[in-house]
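Peer 1: Line by line, the protein sequences give chains A and B.
Under numbering that gives the first Met the number 0, the first residue of the first sequence is numbered 0, with each subsequent residue one higher.
Under numbering that gives the first Met the number 0, the first residue of the second sequence is numbered 0, with each subsequent residue one higher.
Among the hints, a few may not be true.
[Said to hold, decoys possible] Derived pair list, reagent style EDC-like, types lysine to aspartate or glutamate, alpha-carbon separation capped at 20 Å: (1) A:K331 with B:D70; (2) B:K1 with B:D49; (3) A:K179 with B:D72; (4) A:K179 with B:D70; (5) A:K331 with B:D72; (6) A:K133 with B:E16; (7) B:K1 with A:E114; (8) A:K211 with A:E137; (9) A:K1 with A:D73; (10) A:K318 with B:D51; (11) A:K318 with B:D49; (12) B:K23 with A:E3; (13) B:K64 with A:D180; (14) B:K64 with A:E137; (15) A:K163 with A:D73; (16) B:K58 with A:D323; (17) B:K58 with A:E325; (18) A:K331 with A:E137.
[Unchecked claim] Stretches of chain A that chain B covers, calculated by requiring three or more beta carbons in the stretch to come under 8 Å of a beta carbon on chain B: (19) 42-52; (20) 91-101; (21) 250-258.
The set of hints was computed from the structure by calculation and includes no laboratory data.
Owing to the predicted nature of the structure, the values given are computational and were not obtained by experimental measurement.
Note that CB positions come from ideal geometry on N, CA and C, so glycine has one too.
One-letter residues, chain by chain:
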Amino acid sequence: MKLEKGVISNTQLMFLTFSFMQAMIMTANFNYALTKQDTWIVVIAASAVTALFVLMYTVLARRYAGKDLVQINDTVFGPYFGKAVSALYIWFFFQLIIHYAYFYNSFWITYIMPETPRIAFLIMLMFICAMAVKGGIEVIARCGFLLSLIVAVMTSLIFILLFKDMKFSNLQPMLQTPPKDFIQSLHIMLAIPFLDLVSLLVFFPYTAENRKIRKPVLLALCMSTALLLISVVGNVAAAGERVANSTSVSFAIPREIDFAGVLTRLDVLIALTLLITIFMKIAVMYYVTAISTARLLNLRSYRPLIIPIGVLVIGFAVKLYPSDMEQVYAGKNVWPFYAIVQEALLPAVTLAVVYIRKLFQKRGAEQ
Amino acid sequence: MKIVYVIFAFAVLILYEVPRLVKKKYWRELIAFSVLMVIAFAVSVLQVQDIDFYNPTEKTQYIVKSLYPFDYD
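All chains, full assembly: derive it from the sequences and hints.
Peer 2: And the structure:
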């Protein structure tokens with residue numbers, strides 16, 4: 000039984016993926032302090048590794064065309080163990096919503112409106128996300144198209160306006176980062192913005208052409224990598240040594256734009272970027288959580304779950320960490336270890352089980 | 000006083016969703032909705048009363064990380 004009646008075209012899938020990944024412009028802040036001027040190399044390395052993982056996800060999705068993540072797990076691992084694996088995924092997606100909501104909230108409270116109660120932004124954010132999720136996959140995909148273009152234009156605009164402040168000598172010395180820091184930064188870059196593409200396994204069954212999904216996702220990956228490179232190179236070149244000291248480089252640097260005394264305080268563009276990208280991230284994850292839970296519990300519709308999940312997110316996200324710096328610490332040192340389990344390990348195990356089964360079936364047929 | 004607002008908000012949400020579920024005879028969905036709403040209500044009450052509780056969404060990552068033989072610290 001199909002839980003979602005809507006269908007998106009493969010072009011829409013591309014823009015949805017692009018928009019979904021754009022939150023990396025903000026989460027790259029976890030990386031600057033570690034790799035400084037080498038961050039752009041981390042971006043390229045992470046993108047290359049992600050391309051391999053996208054191939055892995057699409058192998059799974061094409062092999063079980065028309066089935067979503069929970070159904071794939073049921074088929075591969077059997078009805079009981081498969082449900083347990085699906086529950087791990089759903090718990091991970093649910094936590095992603097909460098952590099992004101907290102990230103969004105702490106940004107607004109710290110930089111824009113310090114006096115506002117923490118819960119105010121959360122309620123508004125979750126309300127608008129719930130509306131998008133209630134609209135279904137088509138609504139989210141249409142939002143993705145429009146919003147991804149807006150963010151791309153704003154990021155490029157900031158790069159152009161920052162151009163006169165940039166010193167490309169700030170990108171030197173190259174490759175001076177210690178290997179341990181480089182690996183940690185790559186791990187963070189993979190775990191936080193790139194590999195949560197695993198959630199797309201829920202979207203693939205609702206695309207118009209189930210089997211031609213590789214090209215749109217890889218194209219979206221290229222586009223978002225290019226956009227992130229623009230942002231990272233611009234920020235590092237303009238900030239120089241200061242990248243290591245700021246908790247939000249992407250926000251602090253555009254503040255310095257002064258274009259003939261007319262265009263100033265363009266940090267509001269970054270605040271808008273944050274608003275848009277986090278909205279898309281949460282809307283997609285919210286949808287994925289709701290529809291996967293409905294599938295897991297064998298419900299006829301995912302819509303009754305929207306309200307409880309939203310309220311739970313608000314309840315948990317208000318005081319997730321004792322302080323905002325705690326999230327920066329967790330994002331660097333703890334979360335990547337956890338996220339990589341669902342993003343890389345479980346899909347790899349799933350694929351391995353599929354191939355081992357195939358091997359045994361072949362042998363059985365030969366005997 | 001805050002708790003009154005919480006109860007009011009939950010009442011509005013329940014009144015919005017439950018009649019439709021009953022009308023369509025979606026009993027299974029109603030059970031899922033009720034269970035999640037009870038958890039959400041408990042969490043909200045703990046939050047507005049400023050009671051510290053074990054937040055599973057924060058702690059899971061620390062538990063999983065402790066299983067690894069290495070870390071970055």
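Peer 1: All hints, please: hold or fail.
Peer 2: Hint-by-hint comparison with the structure:
| no. | hint | result |
| --- | --- | --- |
| 1 | A:K331 with B:D70 | holds, 11 Å |
| 2 | B:K1 with B:D49 | holds, 11 Å |
| 3 | A:K179 with B:D72 | holds, 11 Å |
| 4 | A:K179 with B:D70 | holds, 11 Å |
| 5 | A:K331 with B:D72 | holds, 10 Å |
| 6 | A:K133 with B:E16 | holds, 12 Å |
| 7 | B:K1 with A:E114 | holds, 19 Å |
| 8 | A:K211 with A:E137 | holds, 18 Å |
| 9 | A:K1 with A:D73 | holds, 16 Å |
| 10 | A:K318 with B:D51 | holds, 10 Å |
| 11 | A:K318 with B:D49 | holds, 10 Å |
| 12 | B:K23 with A:E3 | holds, 18 Å |
| 13 | B:K64 with A:D180 | holds, 18 Å |
| 14 | B:K64 with A:E137 | violated, 37 Å |
| 15 | A:K163 with A:D73 | violated, 56 Å |
| 16 | B:K58 with A:D323 | holds, 16 Å |
| 17 | B:K58 with A:E325 | holds, 12 Å |
| 18 | A:K331 with A:E137 | violated, 35 Å |
| 19 | 42-52 | violated (count 0) |
| 20 | 91-101 | holds (count 4) |
| 21 | 250-258 | violated (count 0) |
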